[in-house]
Amino acid sequence: QVQLQESGPGLVKPSETLSLACTVSGDSVSRDTHYWTWIRQPAGEALEWIGRIYISGVSNYNPSLRNRVTILLDTSKNQFSLMLNSVTAADTAVYYCARGGLTMGWLDPWGQGVLVTVSS
Amino acid sequence: DIQVTQSPPSLSAAIGDSVAITCRSSQIIYTHLSWYQHKPGKAPELLIYGASNFLGGVPPRFSGSGSGTHFTLTITSLQPEDFATYFCQQSYSLPHTFGQGTKLEIK
Numbered sequence: 031q032v033q034l035q036e037s038g039p040g041l042v043k044p045s046e047t048l049s050l051a052c053t054v055s056g057d058s059v060s061r062d063t064h065y066w067t068w069i070r071q072p073a074g075e076a077l078e079w080i081g082r083i084y085i086s087g088v089s090n091y092n093p094s095l096r097n098r099v100t101i102l103l104d105t106s107k108n109q110f111s112l113m114l115n116s117v118t119a120a121d122t123a124v125y126y127c128a129r130g131g132l133t134m135g136w137l138d139p140w141g142q143g144v145l146v147t148v149s150s
Numbered sequence: 020d021i022q023v024t025q026s027p028p029s030l031s032a033a034i035g036d037s038v039a040i041t042c043r044s045s046q047i048i049y050t051h052l053s054w055y056q057h058k059p060g061k062a063p064e065l066l067i068y069g070a071s072n073f074l075g076g077v078p079p080r081f082s083g084s085g086s087g088t089h090f091t092l093t094i095t096s097l098q099p100e101d102f103a104t105y106f107c108q109q110s111y112s113l114p115h116t117f118g119q120g121t122k123l124e125i126k
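So the protein sequences, as listed, match chains V and B. Residue numbers for the first sequence follow the working numbering, beginning at 31 and rising by one. Residue numbers for the second sequence follow the working numbering, beginning at 20 and rising by one.
Just to be clear, a hint being listed does not mean it is correct.
Here are some chain V residues pointing at chain B (derived, C-beta under 8 Å) [unchecked claim]: (1) A76; (2) W79; (3) N90; (4) N92; (5) P93; (6) G131; (7) M134; (8) G135; (9) W136; (10) L137; (11) D138; (12) P139; (13) W140; (14) Q142; (15) G143.
As a list, the in silico DSBU-like pairs of lysine-lysine whose alpha-carbon atoms are at most 35 Å apart [stated by the list, open to error]: (16) V:K107 with V:K43; (17) B:K61 with V:K107; (18) B:K58 with V:K107; (19) V:K43 with B:K122; (20) B:K61 with B:K122; (21) B:K58 with B:K126; (22) B:K58 with V:K43; (23) B:K58 with B:K122; (24) B:K61 with B:K126; (25) V:K43 with B:K61.
Everything labelled a hint here was simulated from the structure, so no lab data went into it. For clarity, every value in this text was computed on a predicted model and none was experimentally measured. Each residue gets a CB set at the ideal place from its N, CA and C atoms; glycine is no exception.
This is chain V alone, in the form it adopts within the complex (with noise of 0.2 Å):
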């Protein structure tokens, strides 16, 4: 059984970086049979595709956030990451991790997801 699991600070101060990382069960992140992916979702609102990165490297962001993310791979923890830099109070959000297929884009499993609030 595949399970991701998010993990990283549940609070950041404005203008810092947020870092999460997401813990791969059952699967392997060097495997060239899904993409990894964030998807965040602040209260009350819809959630938001941030970014995906393949095996080969190959990483996609969000354009409302491209200046700002970054997502990597670790393959020796069998983990990929999240990084947003300059962070401001409209990051506040839940964070999830996801496996994604590759031909059609469905996102399975999730992990159950990290709330992470920006505040002083």
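Dock chain B against chain V, hints included.
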């Protein structure tokens, strides 16, 4: 970005009822649409991909239809465990985008 408009935002129904939730995309996305179920405090779960395809383990009372710009998730014979939030996602064009969600509540 492709906009995805989901309706209704909330829905009240009784056990045994059938309900339909729709998503409309601002551009043609063929069948690149997935549906998810989300319960509070849990990971969202994929129900349907490719507009009408199931992964294993999804009960047959869930079905998806549509193509182009108009899609429907139908749940027949509602069970207590079906009361949750449902949302759709288009994966035809980057950035992938999501509907606003439909909260299905017990009447």
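Going down the list of hints, with the structure as the test:
Because the closest C-beta pair between V:A76 and chain B is about 5 Å apart, less than 8 Å, the hint holds. Satisfaction of the interface hint for V:W79 is found here, the shortest Cβ-Cβ separation to chain B being roughly 4 Å, below the 8 Å cut-off. At its closest, the beta carbon of V:N90 sits 5 Å from a beta carbon of chain B; the interface hint therefore holds under the 8 Å criterion. Interface restraint check for V:N92: the shortest CB-CB distance to chain B comes to about 4 Å, inside 8 Å, so the restraint holds.
A least Cβ separation of about 7 Å between V:P93 and chain B falls short of the 8 Å threshold, and the interface hint therefore holds. With 8 Å as the threshold, the beta carbon of V:G131 comes within range of chain B, its nearest partner Cβ sitting at about 7 Å, so the hint holds. For V:M134, the shortest C-beta to C-beta distance to chain B is roughly 5 Å, which falls under 8 Å, so the interface hint holds. A hinted interface residue such as V:G135 counts as satisfied when its beta carbon comes closer than 8 Å to some beta carbon of chain B; here the least separation is about 2 Å, so the hint holds.
Residue-level restraint check for V:W136 holds (minimum Cβ-Cβ distance to chain B is 4 Å; threshold 8 Å). Interface restraint check for V:L137: the shortest CB-CB distance to chain B comes to about 6 Å, inside 8 Å, so the restraint holds. Nearest Cβ of chain B to the Cβ of V:D138: about 4 Å, under the 8 Å cut. The hint holds. Interface restraint check for V:P139: the shortest CB-CB distance to chain B comes to about 6 Å, inside 8 Å, so the restraint holds.
About 4 Å separates the beta-carbon of V:W140 from the nearest beta-carbon of chain B, less than 8 Å, and the hint is met. Evaluation of the V:Q142 hint against chain B yields a held restraint, the C-beta minimum of about 5 Å falling below 8 Å. Contact between V:G143 and chain B, as hinted, is supported at the beta carbon level, the nearest pair being about 7 Å apart and thus within 8 Å. For a cut-off of 35 Å, the pair hint linking V:K107 to V:K43 stands: about 27 Å separates their Cα positions.
Straight-line distance between C-alpha atoms of B:K61 and V:K107 comes to about 24 Å, which keeps the hinted pair within the 35 Å bound. Using a Cα cut-off of 35 Å, the hinted pair B:K58 and V:K107 holds, with the two alpha carbons roughly 29 Å apart. Distance hint between V:K43 and B:K122 is fulfilled; the C-alpha atoms sit about 32 Å from each other, no more than 35 Å. The straight-line distance between the Cα atoms of B:K61 and B:K122 is roughly 15 Å, inside the 35 Å bound, and the hint therefore holds.
This hinted pair checks out: B:K58 and B:K126 have alpha carbons roughly 17 Å apart, not beyond 35 Å. Distance check on the hinted pair: B:K58 and V:K43 sit about 29 Å apart at the alpha-carbon level, within 35 Å; holds. With a C-alpha separation of about 10 Å, the suggested pairing of B:K58 with B:K122 holds against the 35 Å cut-off. With a CA separation close to 23 Å, the supplied pair B:K61 and B:K126 stays within the 35 Å bound.
Taken as a hint, the V:K43 and B:K61 pair is honoured in the structure, with Cα atoms around 27 Å apart against an allowance of 35 Å.
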